[in-house]
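I would like the entire structure built from these sequences, with the hints used as guidance.
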Amino acid sequence: MAAGSTYTPIATQTLGSDASTVTFSSISGSYTDLILVINTRSSSTAASDTKLYVQFNGDTATNYSYTFLVGNGTSASSSRGSSQNQIYAADVSATGGSSYAGLSTVTLQIQNYSNTTTYKTMLSRVASANVFVEAVVGLWRSTAAITSIVLDLESTPQFITGSTFTLYGIAAA
Amino acid sequence: MIGAITGGTFSAPTAPVTTSYESIATVSVSTAVSSITFSSIPATFKHLQIRWIGRASSNGFDDSGLRIRMNTDTTSTYFNHFLSGTGSSAIAGSASNTGYALIGATSTVNALASSFAAGVVDILDYANTNKNKTIRHLDGFDFNGSGQIQFFSGSWPSTAAINALTLTSASTQFEQYSQFALYGIKG
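Listed in order, the protein sequences are those of chains A and B. Per this note's numbering, the very first residue in the first sequence carries number 7; after that it's consecutive. Per this note's numbering, the very first residue in the second sequence carries number 164; after that it's consecutive.
Simulated from the structure, these hints should not be mistaken for lab results. All residues carry an ideal CB built from backbone N, CA and C; glycine is no exception. Heads up, some of the hints might be wrong.
As the list claims (entries may be wrong) - Chain B residues, not near chain A, derived (Cβ > 10 Å throughout):
1. 189
2. 235
3. 285
Claimed, not checked - Derived list of chain B stretches under chain A, where covered just means 3 residues or more per stretch with a C-beta under 8 Å from a C-beta of chain A:
4. 210-216
5. 239-251
6. 273-283
7. 293-306
8. 310-323
9. 337-344
Said to hold, decoys possible - Simulated DEER-style distance windows between Cβ atoms:
10. 221/B with 20/A: 42 to 50 Å
11. 259/B with 80/A: 28 to 36 Å
12. 149/A with 324/B: 48 to 56 Å
13. 221/B with 160/A: 32 to 40 Å
14. 15/A with 287/B: 22 to 30 Å
15. 52/A with 195/B: 48 to 56 Å
16. 326/B with 51/A: 49 to 57 Å
17. 255/B with 91/A: 26 to 34 Å
18. 45/A with 285/B: 18 to 26 Å
19. 20/A with 277/B: 35 to 43 Å
20. 27/A with 297/B: 37 to 45 Å
21. 85/A with 221/B: 21 to 29 Å
Structure, rendered in structure tokens:
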């Protein structure tokens with residue numbers, strides 16, 4: 007009955023220097039789901055955290071939307087964005103934001119990324135060092151198979167040196 | 164599989180990777196169905212995971228409750244708790260139901276066209292016969308102006324090993340292109 011092992015590492019990037027974006031391209035359509043595991047912090051010296059955005063296939067049009075839930079240690083709240091140019095996927099820790107030099111862990115689940123019949127729904131689970139815990143659902147209103155993913159931070163901060171980004175593929179039976 | 168990568172150092176696996184995560188079975192809905200059942204689940208794994216996208220027939224709303232039943236047990240009282248973000252507020256609640264645990268929601272045919280909810284269900288130590296079983300679920304849907312992201316827990320008050328899982332919708336059916344994939348994780 008079992009169809010064999012899956013959850014296959016496709017590619018890993020470890021930043022040797024600060025980077026403004028991270029891109030995975032030419033993603034094979036041979037899996038069912040993608041999981042992208044991120045461990046990062048922004049170079050921002052501001053006290054606040056930094057927003058991390060996701061785009062698919064180079065689509066910069068307003069085809070994205072999202073809903074998120076966040077707990078900051080005091081209260082829980084929820085908000086959304088509609089008809090956006092990208093999915094807000096996480097708030098990540100900022101270098102200037104805490105004396106605790108921790109990074110944020112973000113796990114993106116991109117379900118059925120390679121089918122060409124449905125819009126794509128992405129789940130994000132975020133643990134930000136000393137800041138908060140968060141979950142996000144994002145929608146890309148396109149039936150195209152996802153072949154590339156671009157990760158970007160708001161404004162000018164960069165992903166810091168040592169950040170890791172690992173893309174896995176899961177194939178269903 | 165990966166071509167150009169920018170912004171960092173690319174390191175591809177240098178040898179075939181053997182994982183402890185295996186695909187057990189997948190149900191892809193081609194015509195609407197009232198339930199999804201995984202039966203004869205082997206006890207050879209430590210944990211189970213269901214990864215899914217779903218859209219249900221209409222119940223008058225744009226989302227519909229997702230239910231799970233263990234081992235065809237229709238008489239036990241299942242419990243659930245949830246924390247949900249609606250886009251405007253965070254809400255929490257709980258419920259009990261006979262014969263199923265409510266563990267999330269799918270989109271429906273009343274929602275934005277082509278939009279599907281997605282979720283990941285974890286069932287830990289499913290074959291253990293000394294523990295009642297607990298389910299963890301992260302799921303969400305977004306319709307470009309409405310949506311929810313939510314955590315659910317579900318409990319089944321039985322120490323029996325799980326050998327069958329049945330998923331149903333609070334609406335009548337799962338629609339075409341819904342997909343539910345069951346995976347086993349070795350311990």
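Quick rundown of the hints versus the structure:
1. Not every C-beta of chain A lies more than 10 Å from that of residue 189/B, the closest at about 4 Å, which undercuts listing it as non-interface.
2. With 10 Å as the threshold on Cβ separation, the claim that residue 235/B sits away from chain A holds: the shortest Cβ distance comes to roughly 18 Å.
3. Once the 10 Å rule is applied to beta carbons, residue 285/B is consistent with being away from chain A; the minimum gap is 12 Å.
4. Note: the segment 210-216 of chain B has 3 residues with beta-carbon separation from chain A under 8 Å; the three-residue rule is met and the coverage holds.
5. Remark: the segment 239-251 of chain B is confirmed as covered by chain A, as 6 of its residues place a Cβ nearer than 8 Å to a Cβ of that chain, reaching the required three.
6. Counting residues of the segment 273-283 of chain B whose C-beta lies closer than 8 Å to any C-beta of chain A gives 8; at least three are required, and the coverage claim holds.
7. With 6 residues bearing a CB less than 8 Å from a CB of chain A, the segment 293-306 of chain B meets the requirement of three and the coverage assertion stands.
8. Under a criterion of three residues with beta carbons nearer than 8 Å to beta carbons of chain A, the stated coverage of the segment 310-323 of chain B is upheld, 5 such residues being counted.
9. Counting residues of the segment 337-344 of chain B whose C-beta lies closer than 8 Å to any C-beta of chain A gives 3; at least three are required, and the coverage claim holds.
10. As the Cβ distance of residue 221/B to residue 20/A is approximately 48 Å, the hint placing it in 42 to 50 Å holds.
11. Evaluation of the 28 to 36 Å hint for residue 259/B and residue 80/A yields a pass: the beta carbon distance comes to about 30 Å.
12. A hinted range of 48 to 56 Å is violated for the C-beta pair residue 149/A and residue 324/B, which are about 40 Å apart.
13. Separated by about 38 Å at the C-beta atoms, residue 221/B and residue 160/A satisfy the suggested range of 32 to 40 Å.
14. Evaluation of the 22 to 30 Å hint for residue 15/A and residue 287/B yields a pass: the beta carbon distance comes to about 23 Å.
15. Between residue 52/A and residue 195/B the CB atoms are about 51 Å apart, so this pair conforms to the stated range of 48 to 56 Å.
16. Between residue 326/B and residue 51/A, the C-beta spacing of about 56 Å keeps the proposed range 49 to 57 Å intact.
17. Taking the beta carbon of each, residue 255/B and residue 91/A are about 32 Å apart, inside 26 to 34 Å as hinted.
18. Separated by about 21 Å at the C-beta atoms, residue 45/A and residue 285/B satisfy the suggested range of 18 to 26 Å.
19. At roughly 36 Å, the beta-carbon separation of residue 20/A and residue 277/B lies within the given 35 to 43 Å, and the hint holds.
20. Checked against the given bound of 37 to 45 Å, the beta carbons of residue 27/A and residue 297/B, roughly 40 Å apart, stay inside it.
21. A hinted range of 21 to 29 Å for the beta carbons of residue 85/A and residue 221/B is consistent with their spacing of about 28 Å.
The earlier numbered hints that this structure contradicts are 1, 12.
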